[in-house]
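Enquirer: Protein chains in written order, with this note's numbering: chain Z, 1 to 273; chain Y, 1001 to 1321.
If you are wondering where the hints come from, they were derived from the structure by calculation, not from laboratory data.
One should not assume that every hint holds.
To be verified - Below, computed lysine-lysine pairings styled on BS3-like, alpha-carbon distance capped at 30 Å: (1) Z:Lys106 - Z:Lys39; (2) Y:Lys1114 - Y:Lys1135; (3) Z:Lys39 - Y:Lys1135; (4) Y:Lys1135 - Z:Lys106; (5) Z:Lys106 - Y:Lys1114; (6) Y:Lys1114 - Z:Lys39.
Computed from a predicted model, the values in this text were never measured in an experiment.
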Amino acid sequence: MSTTTLERPVRTVAARVERPEPPSALSASLTLGWRSVLKIRRIPEQLFDVTFQPVIFIVMFVYLFGGAVSGSTTEYLQFVLPGILVQTVVMASLYTGISLNTDIGKGIFDRFRSLPIWRPAALLGALLADGIRYVVAAVVCLGVGMAMGFRPDGTVADVVAACLLVLVFAFSLSWIFAFLGLVMRSAGAVQGVSLLAMFPLTFASNVFVDPSTMPGWLRAWVDVNPVSQLVTAVRSLMAGAPDAGAVGWSLIGCAALVAVFAPLTVRAYRRKA
Amino acid sequence: MTTLAIEAHGLVKTFGENRAVDGVDLAVRAGTVYGVLGPNGAGKTTTVRMLTTLLRPDGGSARVLGHDVVDDADQVRRLIGLTGQYASVDEDLTGTENLVLQSRLVGLSRSQSKRRAAELLENFDLTEAANRPVKHFSGGMRRRIDLAASIVVTPDVLFLDEPTTGLDPRSRGQVWDIVRDLVAGGTTVLLTTQYLDEADQLADRIAVIDRGTVIAEGTSADLKASVGRSSLHLRLADETQRDLAERLVAQTLDTTPHRTPEAGVITAPVADPDVVADLMIRLRAEGVGIDEIGVQRPSLDEVFLTLTGHAADDDTERSAA
Ligand SMILES: Nc1ncnc2c1ncn2[C@@H]1O[C@H](COP(=O)(O)OP(=O)(O)O)[C@@H](O)[C@H]1O
Ligand SMILES: [Mg+2]
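Put together the whole structure using the sequences plus the hints.
Expert: This is how it looks when you write it as structure tokens:
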């Protein structure tokens, strides 16, 4: 037994660890998605916008406008809940750009980019992990709505299909925000520009009111607004009477968003110094 | 023929008007430690980022173990490890999570990754911090987890960008030990540093880089030799006699003395240490009082001063330019 405590020296691994084959594109994306999920667990405040915010919106809009718009709060709830579900998830997709902008400025992206992995894996991983936030948003909206008396006429399968459609749309939309997150200088700038785009998309739509009373110019926009198409599709699904046209247009919109913005985003990511 | 782990020819990178890297040539033999020494803003990070495929050179070319960093970037990424200048692990994740993440990304299986993470934490003396988020780590611990993340699989060539800047002496010593171990295991290391003694201690060869160009290259001994075989260090009892003393030094030793930031201190290269005795006699004859005098091998600080005309930590001239 010794009486003196020697400082423990740092011992490194003399033994060589051979490098295996690099992970597949899917495996790398999922691993990087797992990283984002861990970050959500570590910083749960990231979930405020998909938990408290929709609750406040639902309660506020239903009791504030319910009587005036639909004659009763129950009836308005039936109308507005699918809309608020869409609005919440669409707004949540904005966060992708902000977090990407913050993240990419740190040294860790240099490390990812110096690895022999599929280049867009870090992007796709982040977007996939955001899917969890969208699921949380959908569950919160539906839960609060049902507790307040929302009753979808459609089957469980219809409701699940409606939620999946919203998720797919948010995933497609998040490529725009990811692109902004990559090309803009600061997280604040990303937020500013994204919010600017967000208002006409979500408020100038059929989320809160039936557009039949709107002036012509506004209706023209509301009718082509992809968010309106999505809301119509979600409403129809939840009502158990799917509107094939609206569902189709929503899916075409998703495909178009991904077709345009995924390549732009990946290119911006490759160029990022 | 000796194998080169890294070779660069005329690397150039410009940011707007600023030629951050302006024609850098490097040749690093496999299995050695190569030091890139230069002050802040010299172009060290930019050079490392081009060599590690993160930044596309605007001119010139570079190869890592024979693979072009632009045309064959993916192959280069399979051979290298990188510890960037700024924290390159995720601050929100714990030590274990970071190392498992890194292990999975290089292709180790789930169970191998867990084992490797535990092993590295143990070897880098970080076991107690395994489950703490990295943002709560001390500077030295952070640097160690950074290094650990770069060697989850043994890289053939490891790039370390200022691995010890801002660390306390004990942590610096630990990083040095890790580098020596890795080299003993066959890894080639290119490290950048602002510390002359670090390059002196670790590097087999050193490139001194200033304003984007290599201004000297060689072993530590070569560089010291280029400044004279040895160096005179003279501290005057009375600093007002400095001009007179400098003239006497210049005449007797037949060299140009350097002014140092310290008022009463003169240094000068000495070809033949014997003539220092003559100098002392002349100083006495002219009535110049000596506080301290010595002849020593020149330090890299003096090398830098001689090569660049400004001290390694002298930023004023740069920012004015
Ligand atoms: N991304 C960048 N954009 C513009 N200028 C840059 C960028 N990166 C580095 N520089 C400039 O290039 C020069 C060299 O920088 P750097 O390679 O970081 O030097 P060092 O690592 O030796 O301190 C500096 O003048 C720095 O301001
Ligand atoms: Mg640097």
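Enquirer: Now look at each hint and say whether the structure bears it out.
Expert: Each hint, compared with the structure:
1. Z:Lys106 - Z:Lys39: holds, 15 Å
2. Y:Lys1114 - Y:Lys1135: At roughly 21 Å apart (the allowed maximum being 30 Å), lysine 1135 of chain Y and lysine 1114 of chain Y satisfy the hint.
3. Z:Lys39 - Y:Lys1135: Holds. Lysine 39 of chain Z to lysine 1135 of chain Y sits at ~13 Å (cutoff 30 Å).
4. Y:Lys1135 - Z:Lys106: holds, 13 Å
5. Z:Lys106 - Y:Lys1114: holds, 25 Å
6. Y:Lys1114 - Z:Lys39: Holds, because 19 Å separates the two Cα atoms, which is no more than 30 Å.
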